[in-house]
Amino acid sequence: MFARASLVSRTCRYIFRANSVAVRPARPFSSLSSRAFAAVDAAMADTANTSGISAQSLKETLTKQLEAQYVEVEDMSGGCGQAFQAIIVSPQFEKKNMLARHRLVNSVLKSEIAAIHAWTPKCYTPEQWAQLQQGQA
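Positions 1 to 137 (UniProt numbering) are the ones given, in order, by the sequence shown.
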């Protein structure tokens, strides 16, 4: 119990001391050199598109495997290849409910989905897609 009280009091002293003007450093991260910042920047650049999956590769796979009439794939992750949203129009979706359509798409993209963080397909039959297009016009 005494150790806990001393830990709390040390924490409080640190917080109060850190908030005082005299203790704050003149510039934040002054202990990091420009070489350290360069190393961090290089590491961040290496993590860009870590999945190796692109919107174009997903579009080609879906078009070929599902005989899709229209495929639109958008990278929602800002270019790093971790989150995608897709609109897929295929006659193979006829007489399938939404769950069966998603399962079909996920089975086609099994290895790609395993490499990315988020995948959101929107699956339509050609008739449904035509109705949506007429409704927007």
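One should not assume that every hint holds.
[Claimed, not checked] Calculated pairs, BS3-like style, for lysine-lysine (alpha carbon to alpha carbon, straight line, at most 25 Å): (1) 122 to 96; (2) 110 to 95; (3) 64 to 110; (4) 96 to 64; (5) 110 to 122; (6) 64 to 122; (7) 59 to 96; (8) 95 to 59; (9) 110 to 96; (10) 95 to 122; (11) 122 to 59; (12) 59 to 110; (13) 95 to 64.
[As the list claims (entries may be wrong)] Label pairs and their computed distance ranges (CB to CB): (14) 83 to 134: 17 to 23 Å; (15) 76 to 97: 23 to 29 Å; (16) 131 to 67: 16 to 22 Å; (17) 79 to 134: 29 to 35 Å; (18) 111 to 136: 21 to 27 Å; (19) 107 to 136: 28 to 34 Å; (20) 64 to 100: 26 to 32 Å; (21) 60 to 126: 16 to 22 Å; (22) 135 to 52: 34 to 40 Å; (23) 78 to 137: 30 to 36 Å; (24) 133 to 98: 17 to 23 Å; (25) 85 to 110: 31 to 37 Å; (26) 64 to 85: 17 to 23 Å.
Hint data in this document are derived by calculation from the structure and do not stem from the laboratory.
Values in this document were obtained by computation on a predicted structure and should not be read as measured data.
C-beta: ideal position from N, C-alpha, C; glycine also.
Here is how each hint holds up against the structure:
1. 122 to 96: 13 Å, holds
2. 110 to 95: Holds - the C-alpha atoms of residue 95 and residue 110 are around 23 Å apart, at most 25 Å.
3. 64 to 110: 15 Å, holds
4. 96 to 64: The hint holds at about 19 Å.
5. 110 to 122: 17 Å, holds
6. 64 to 122: 17 Å, holds
7. 59 to 96: 21 Å, holds
8. 95 to 59: 23 Å, holds
9. 110 to 96: 19 Å, holds
10. 95 to 122: At roughly 16 Å apart (the allowed maximum being 25 Å), residue 122 and residue 95 satisfy the hint.
11. 122 to 59: Within the cut-off at roughly 13 Å; holds.
12. 59 to 110: 14 Å, holds
13. 95 to 64: With Cα atoms ~21 Å apart, residue 95 and residue 64 stay inside 25 Å; holds.
14. 83 to 134: 17 to 23 Å: Once the Cβ atoms are compared, 30 Å apart, the range 17 to 23 Å for residue 134 and residue 83 is violated.
15. 76 to 97: 23 to 29 Å: 25 Å, holds
16. 131 to 67: 16 to 22 Å: 20 Å, holds
17. 79 to 134: 29 to 35 Å: 34 Å, holds
18. 111 to 136: 21 to 27 Å: The hint (21 to 27 Å, Cβ to Cβ) is violated, given that residue 111 and residue 136 are roughly 34 Å apart.
19. 107 to 136: 28 to 34 Å: 30 Å, holds
20. 64 to 100: 26 to 32 Å: Check failed, 20 Å falls outside 26 to 32 Å.
21. 60 to 126: 16 to 22 Å: 20 Å Cβ-Cβ, so the 16 to 22 Å window holds.
22. 135 to 52: 34 to 40 Å: At roughly 37 Å between Cβ atoms, residue 52 and residue 135 fall inside 34 to 40 Å, so the hint holds.
23. 78 to 137: 30 to 36 Å: 31 Å, holds
24. 133 to 98: 17 to 23 Å: About 19 Å separates the Cβ atoms of residue 133 and residue 98, which means 17 to 23 Å holds.
25. 85 to 110: 31 to 37 Å: Violated, since residue 85 and residue 110 (Cβ atoms, about 18 Å apart) do not stay within the stated range.
26. 64 to 85: 17 to 23 Å: Once the Cβ atoms are compared, 20 Å apart, the range 17 to 23 Å for residue 85 and residue 64 holds.
Comparing the model with each numbered hint stated earlier shows that hints 14, 18, 20, 25 do not hold.
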